[in-house]
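Peer 1: Spelled out, the chains give:
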Amino acid sequence: MDIRLDAISHAYGETEVLRDISLEIPAGRIVCLVGPSGCGKSTLLRLIGGLERASQGRVLQLGTPPADCLNPLTYIFQDFALLPWRSVQGNISLVLEDHGIRGARADATIDDVLARTKLSDFSNALPRQLSGGMKQRVAIARALAVNPAVMLMDEPLSALDSQTRELLMDDLVALWTRQPFTAVYVTHNLAEAVRLGHYIVVLSRRPGAIREIVEIDKPLGARGYGDADLEVIQKHLWDLMREEARAADEELLDV
Amino acid sequence: MSDAAHKSQPIEVRFRGGGFAPKSPRWVGFAVFIVLIAGIEIATQTGFISSLTLPKPSDVLAAFGELWETGLLFKHLAPSLSRLAIGGAIGASIGIAVGVMIGLFSYVRAGLVPLVAAIFPIPKIALLPLFVIWFGIDEASKYALIAFGTFTPTVVATYGAVDNVDRSLIRMGQSFGLSWFSIVRKIVLPGAMPGILSGLRISLAIAIILLVAAEMLGAEYGIGAYILQAGSLYDLERLFAGVVILSLLGVILSTVIGLIEKRLLAWRS
Numbered sequence: 001m002d003i004r005l006d007a008i009s010h011a012y013g014e015t016e017v018l019r020d021i022s023l024e025i026p027a028g029r030i031v032c033l034v035g036p037s038g039c040g041k042s043t044l045l046r047l048i049g050g051l052e053r054a055s056q057g058r059v060l061q062l063g064t065p066p067a068d069c070l071n072p073l074t075y076i077f078q079d080f081a082l083l084p085w086r087s088v089q090g091n092i093s094l095v096l097e098d099h100g101i102r103g104a105r106a107d108a109t110i111d112d113v114l115a116r117t118k119l120s121d122f123s124n125a126l127p128r129q130l131s132g133g134m135k136q137r138v139a140i141a142r143a144l145a146v147n148p149a150v151m152l153m154d155e156p157l158s159a160l161d162s163q164t165r166e167l168l169m170d171d172l173v174a175l176w177t178r179q180p181f182t183a184v185y186v187t188h189n190l191a192e193a194v195r196l197g198h199y200i201v202v203l204s205r206r207p208g209a210i211r212e213i214v215e216i217d218k219p220l221g222a223r224g225y226g227d228a229d230l231e232v233i234q235k236h237l238w239d240l241m242r243e244e245a246r247a248a249d250e251e252l253l254d255v
Numbered sequence: 001m002s003d004a005a006h007k008s009q010p011i012e013v014r015f016r017g018g019g020f021a022p023k024s025p026r027w028v029g030f031a032v033f034i035v036l037i038a039g040i041e042i043a044t045q046t047g048f049i050s051s052l053t054l055p056k057p058s059d060v061l062a063a064f065g066e067l068w069e070t071g072l073l074f075k076h077l078a079p080s081l082s083r084l085a086i087g088g089a090i091g092a093s094i095g096i097a098v099g100v101m102i103g104l105f106s107y108v109r110a111g112l113v114p115l116v117a118a119i120f121p122i123p124k125i126a127l128l129p130l131f132v133i134w135f136g137i138d139e140a141s142k143y144a145l146i147a148f149g150t151f152t153p154t155v156v157a158t159y160g161a162v163d164n165v166d167r168s169l170i171r172m173g174q175s176f177g178l179s180w181f182s183i184v185r186k187i188v189l190p191g192a193m194p195g196i197l198s199g200l201r202i203s204l205a206i207a208i209i210l211l212v213a214a215e216m217l218g219a220e221y222g223i224g225a226y227i228l229q230a231g232s233l234y235d236l237e238r239l240f241a242g243v244v245i246l247s248l249l250g251v252i253l254s255t256v257i258g259l260i261e262k263r264l265l266a267w268r269s
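Going down the list, the protein sequences come from chains A and B.
Residue numbering for the first sequence is 1 to 255, as defined by this note's numbering.
Residue numbering for the second sequence is 1 to 269, as defined by this note's numbering.
Treat the hints with caution; some may be incorrect.
Claimed, not checked - Calculated cross-link-like contacts (lysine to any residue; reagent style SDA-like; alpha-carbon spacing at most 25 angstroms):
id : chain 1 : residue 1 : chain 2 : residue 2
1  : B       : LYS262    : A       : LEU167
2  : B       : LYS262    : A       : PRO84
3  : B       : LYS262    : A       : LEU83
4  : A       : LYS118    : B       : TRP267
5  : B       : LYS262    : A       : SER123
6  : B       : LYS262    : A       : ARG128
7  : A       : LYS235    : A       : TYR225
8  : A       : LYS235    : A       : LEU167
9  : B       : LYS262    : A       : PHE122
FYI, nobody ran anything at the bench for these hints, they're computed from the structure.
If we strip away everything but chain B, and leave its shape as in the complex, we get (with noise of 0.2 angstroms):
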């Protein structure tokens, strides 16, 4: 260094690296929830907002309570669970199947892969006389529009899963004599894991959509059956409640993905 840097004072090096790493503190959350509910409440108590914009929190709350003593809450959601747990389970596990299989034969792959593009589009919604003529007005009905509309997300997150698993790994299986369906159960399934689980997610969230959709023919009980009842009537009080226990529905599903996911994917992190 010459005598002339030595003479002026040193200047501490700024930081600047850091940032870039979001984490989430629990409480932020719930903070976030109890902040806005708290607000509407004073707000629609003192009348800045009009009960007829948004109800009541409290009001939605009556209403739920009422759903419980009353015991309509479990003749509502029994029969809902059911419909997501079927529905569900035949469209994941389909669609489980398929997206393997896609990744991992040509023919099907060439076959299937603008098929599910083509199906992936489409509203499931707008197939529900499809689905009554097919299948009755029945659950079976109810079941084969929830299946279906989570049939093509899974297989999209499953053959995707499934060309990533490293190729390395797979060559090690075959350099070392393992069988193809050694291969198959041992490397390409557990390296797809992840993106199964991932892509279950979103499809779980879809099941939920499609619950009302299902219940809006010919069903007497339901938690979108409760929904559309409210709605048609404008009673916005129960029209929430059934929200609320919608949402809660996707954030338990959620959390049962999320401790699934610690529990297979332990090896991850």
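The following block holds chain A by itself, in its conformation from the complex (with noise of 0.2 angstroms):
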């Protein structure tokens, strides 16, 4: 299933945050979103997966999700969001429940995110007992547990301190090539960008709009932690971003 976004515009009262976004976001590629701070880019993503409504625009799905998939939309946030009065097995059970998946076709799917996280340990650990990168483990197993078409991942690892979010990007790595998904990932940080995205699409500061779309061919599994050929990259990627990020960084917050 592909997403499209046909000239998405939105303004939250009189500030205008995105300005005329047409983005296809193609099945079994991951898409990066980066931007200076405070240029839309976590609104978009509410937008794409329906949190929110465009105030001008639509988000289109083309094709339909595989008939497994419980929710084709699926977003990954960077607070976790767990509940934290259910362990982790409840937590994910959560999401099956009301879809009339209990009992033992609950705990198979379960077992099976699980494993795939590397979490099956800890099933019955509750949120505070686990660290920032095993929450946010528990929160992809989740999304994995309900099929998705396409994942919204917000800002996933910016939560956790590097040395977690280089052993989370393998991971994400490693389920990708295993099975490969599709995602949208907002993120402002440029080495993730260039490390899982097969395309990463630059806005500009607010009213966010597309400044450039970078591609990068060199397959997933193949890119490493600061590989020449993606350094470059990303400092073409900041080149692009410098000069806006300071600008938006000296902006007031609430005009």
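Hints in hand, dock the two standalone chains.
Peer 2: Okay, structure coming up:
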């Protein structure tokens, strides 16, 4: 299933946050959205998943999601959004219960996604017992449990320390290599973008508009920490953003 | 570092952290009670405090023993407990229901928040004659008074607790396609539970206060009635015995809520 953004513009009251964004998100590819802070990249992600309504323009699904897909557009949040009163297993079963999946069927799915995210030993732990990296892996497992057609990832690694971030990036690459998924990945971290993105969409500062789309051909599995060719792309992205990031930083927040 | 700095004696860095983390060792609470009561006992025995000012704790204990031996204790305790349980349960459950509705629906919020704010400061005791007219002099008016008194603080605590539920968890529920009812049942209510329970602590203490007021009218038996009878005769020993029973009731209720919190909110600490 592909996603097409058709001339999306969005404003909060008088403040225009996004201007005329048209974009294709092809199936089986990871599209990274980068841009200076406050450029509306997280807003765009909420629009794509239907958590907010665009002032103008439409978000279109092209094709139908696979039959076993419970929740076509599934988010992974920066703050993990795990229910603190439910165990790891309970947090995953939460999203299955409403689809009538309980008992043995739910257990099979939960066991499978926990194995894929290397969490099998922690199924009864409570979120407060887990480190940040583990919490995000639980959130990834929860997202995998509903077989999403498109994963919408809102700065999923930003709340983590840099070593955990590296480890989780490797995990995401391994998951994608095993079974390619479609994703929109919002980040302000350019290193993450060049490691995980097939396409990198650079947004300008508010009102966010597409400045450039950079395509990286190198397969995800072959990319590594500090690769020279990726560094070149990262530098190019930073050159695109530098001035705008500075200007965005100096803006007053609630204009 | 310069040479001059090396020559002077090293000074250990002064510790200036710590504190601001009160703990409560169990025995301290008991010790305070015991010291206080023993002090009063000694002072009244020696005549430092006259028996008109404060009754001797031993005499209060004797009055309590008399209550126990004559079987009057349970005759007074049983109707009080049932009034407390029924009135408190009605008030708390309606309060939680209304509070959740205020927390969820804009119109209910707009309509009821000012009303609750208007009802809250009314001393419910002042409305006792009204309740008697509405519900009669029997048990119903006593239930109503206690229920009404527990209702308002429960509502305020509950809608505050619902407001404080992490919105990002609710967005998460929506993003996974959970139904409205599931979100309320599995995210909003458990998330509001800490606030609701700490609200109940206050509401139930108010219920005990109102128990005495409710038994002012037309109650033959009940802890409140017993205290009021003793009070009108200036029988301080019995008055104090009754007051001690109310205090114990408060401690027991608070302990019970503590146990419920421990069970329901084990996920917290």
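Peer 1: Now, for every hint given, state plainly whether the structure supports it.
Peer 2: Hint-by-hint comparison with the structure:
no., hint, result
1, B:LYS262 / A:LEU167, "36 angstroms, violated"
2, B:LYS262 / A:PRO84, "15 angstroms, holds"
3, B:LYS262 / A:LEU83, "18 angstroms, holds"
4, A:LYS118 / B:TRP267, "23 angstroms, holds"
5, B:LYS262 / A:SER123, "22 angstroms, holds"
6, B:LYS262 / A:ARG128, "16 angstroms, holds"
7, A:LYS235 / A:TYR225, "15 angstroms, holds"
8, A:LYS235 / A:LEU167, "23 angstroms, holds"
9, B:LYS262 / A:PHE122, "23 angstroms, holds"
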